[in-house]
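K.L.:
Going by our numbering, the sequence shown opens with residue -4, and the numbers climb by one from there.
I should point out that these hints are in silico values taken from the structure, not numbers from a laboratory. This one's a predicted model, so the numbers in the text were calculated from it and none came from an experiment. Incorrect hints may have been included.
[As the list claims (entries may be wrong)] Computed list of lysine-lysine pairs in BS3-like fashion (alpha-carbon distance at most 30 Å, straight line):
| # | residue 1 | residue 2 |
| --- | --- | --- |
| 1 | LYS118 | LYS205 |
| 2 | LYS87 | LYS148 |
| 3 | LYS96 | LYS164 |
| 4 | LYS174 | LYS136 |
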Amino acid sequence: MGQVYTDLFESIFSFSSLNRSFYSAAKGKWDRTSVAKFCIDLEKNILEIIDQIYDNTYEFGPYRSFTIFEPKKRKIESASFRDRVVHHSIFKTLEVVFEPKFFFHSYACRSGRGSHAAMLTLKKWVSIYPTMWFLKCDIKKYFESIDREILFKILSESINDERLLSCIKKLIFTAPGNKGIPIGNLTSQLFANVYLNELDQYVKRVLRKKYYVRYMDDFIILVSNHEEAREVLNLVREFVSNKLKLELSPQKVLVGRVSEGVCFVGYMVFPSQIRLRSGRLRSYRQKLKKRYIESLIGKTNSHNKSWKDSLEAFSGHASYCDDFIDMYKGLICDLDKLRI
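Given only the sequences and the hints, what does the whole structure look like? Please build it.
P.N.:
Encoded structure:
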């Protein structure tokens, strides 16, 4: 279980903490009406939050629902700006509580980590052990499937503060639906890592698998042979089902030799090279062409993104690949053809 924390409530819901959280929540959103309205009476609004939190009358919600399609189709539940200020204040403290408890090779939504660091860790391992096998798994509809009772129990094992737990319970259980946590909440990123840290510790301490890396609900375990991969798969499937009430995505479970390449966080990782996954390259190419054509005809898109933004995003992701220069030249050549 590790250290149990007490007396967090007052520091989270102090005026200074909520004031800092306002600026964190408002970053990059100063042009939004909800931010402007909150800012006009900033002190009054923060004091109102504090009064309601202390009286246990603060209510989260309602949420605004919308769908995004990149990088894949997802339903987003967006909280009010007032709630997001509270989320930021809770997040900042709970991050300090749970960060030391997390598995080292968990890379999503953690400061100083990310998908590139996850990929490079895997690359280091497969370069050293090119004859190993891999087991790749993904949790089916992860955020939507999290069991709220189990999540709250896990959080309660590290927090001994009834007032804070009461607030967290409201946050978790008043979200839309009967299970899952809203993808759009800052706290959901942390809660999602807390939840799957149970799997991390199981793989590390019980199964004793040394070469295990996770990026949110996408994870890789390196093993000695095909038989071991199947054995570990059955144990992992049983654990996530019985202990976490989750399900592995059947179509995303892969077993293979690392020498044949491991698909992870948008890359194909080989012992001797890194390549961009073909679907990711195709997506970048289509998006870049679309935005370049829009710039030629003077049309703006709904995201206010230019073709240069798309090219920069591609370069940031693909620069780790051994064939980056060739891919970059190919994209520029495609754009030149559109101008003819």
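K.L.:
Which of the numbered hints are not met once you compare them with the structure shown?
P.N.:
none
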